[in-house]
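K.L.:
Quick note, in this note's numbering, the sequence shown goes up one by one and the last residue is 408.
If you're looking for bench data, these hints aren't it; they were derived computationally from the structure.
Hints should not be assumed to be uniformly reliable.
[Said to hold, decoys possible] Here are the simulated distance ranges between beta carbons: (1) P230 / G117: 47 to 55 Å; (2) T61 / S181: 16 to 24 Å; (3) S250 / L366: 18 to 26 Å; (4) R361 / L287: 27 to 35 Å.
Just so it is clear, the structure is predicted and the values come from calculations on it, not from any experiment.
A virtual CB, placed ideally from N, CA and C, is assigned to each residue, including glycine.
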Amino acid sequence: DLLSLEYISSCDPHLYCPICRCPLEKPARLPCDHIFCEDCLTSSLEAETTRWAQLHLRRKNTCPECRTPLEKPEERMNIPRIILRMLDDLVVKCPNQEEGCEWTGKRAEVQDHLDRYCELTLVPCQKEGCCEKIARKYEKEDCLHVEVACNKCDGRYMKKDLDEHKRGSCLMAESECPHCKLTLPSQALPLHIADICPQNTIPCPGHPYGCPFLALRPGTAAHARTCPIALMTPTLTSQAKRQEEQEAETSTLRTKLTDLHDSVNEKLKLLESNLNTLQSLLYPSDNTSSSHLSTFPPSNPDAVNSTNPNPPQDADPIDGPTSHLLSLHESLRNDLSRLSAQVNDLDARSMMMLLNESQRAKEDSLHLNAAVAGLRAQVYWLLSARLMASRATGTT
């Protein structure tokens with residue numbers, strides 16, 4: 013597959029396929045002079061045809077680049093020889109480079125290299141009855157698709173996988189530490205280098221918080237016993253962890269508060285819409301609607317009786333739709349009040365939580381400051397004692 017090749021030489025931008033953005037493979041030229049990979053162009057035209065069919069429309073295929081209608085989508089124009097030569101002259105690496113092949117050459121020679129010369133190309137095994145494939149360099153050897161025993165862990169593996177097993181997964185395989193040259197099991201080597209090896213160079217435990225000290229493991233351990241930053245590292249780590257937890261909790265509360273605000277806004281919009289509907293039903297006249305807003309019918313029926321105890325006999329009762337809208341308005345008002353109370357309660361709780369956490373952080377910082385002051389006083393005392401001792405030695 014030419015699309016998976018790794019290119020060494022730089023490629024002219026005009027030689028890239030506009031669809032896959034890779035150097036052209038099997039270039040195809042349309043009547044509008046745009047050039048694509050043959051497979052990319054075919055997939056694009058098929059996808060366009062499927063899209064029009066799903067919309068139950070009949071449309072001509074178009075060029076993926078300029079959208080020019082194509083009278084004959086299958087029609088292809090001749091590719092200029094200069095373009096083909098430029099593509100063939102691109103320098104690439106062998107597709108088997110990850111397995112160890114170091115060959116490089118022109119793109120036009122890749123297939124010939126794989127078919128004839130590459131020692132890592134998979135070919136059919138020559139043993140009669142074996143259907144597996146093997147690298148060309150092992151073609152003349154005995155069949156490698158037989159099980160053999162590992163001479164260290166007694167596990168059974170295919171002969172072709174035995175070397176890889178010994179280098180990686182074998183429990184009894186041994187490796188040498190690159191620092192102290194100690195021989196130990198391969199699986200224990202990473203733990204040895206990270207936590208035990210005395211010749212490994214490691215930073216001070218306070219390195220994440222600003223200490224630049226770097227030395228072999230024994231020197232770093234001795235430094236950590238007197239480094240103020242290393243002594244405070246456990247406290248700083250716990251404080252950083254607590255701060256991350258607080259930030260996560262604050263983010264969750266902020267999200268909940270945003271959701272509540274959105275819900276309240278939706279309720280308000282619905283309430284405004286229903287109010288407009290009520291106004292249009294109760295006060296159909298535009299010129300009198302504003303004057304009647306102040307006399308909107310109260311939601312409490314007792315208030316109606318108190319303001320007008322003897323209603324006229326010829327007054328029309330409130331019809332069914334208006335009564336429904338009034339009840340809906342009252343329900344929305346109650347929901348809005350409840351949501352407002354919930355928002356206020358959540359806001360107060362989140363604010364109190366933030367205040368408590370900030371107070372705790374202040375107390376921790378005060379403890380840290382006190383510890384630093386104590387360490388500073390001890391360092392000054394040690395320095396002064398050493399200075400006095402040196403002076404006394406000088407006078408004598």
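K.L.:
Work down the list of hints and note, for each, if the structure agrees.
P.N.:
Status of each hint after checking the structure:
1. For the pair P230 and G117, the supplied restraint of 47 to 55 Å holds, since their beta-carbon distance comes to about 53 Å.
2. About 50 Å separates the C-beta atoms of T61 and S181, a value inconsistent with the hinted range of 16 to 24 Å.
3. For the pair S250 and L366, the beta carbons lie near 19 Å from each other, so the given range of 18 to 26 Å is met.
4. Taking 27 to 35 Å as the suggested C-beta distance range, the pair R361 and L287 conforms, at roughly 32 Å.
Of the numbered hints given earlier, the model fails hint 2 alone.
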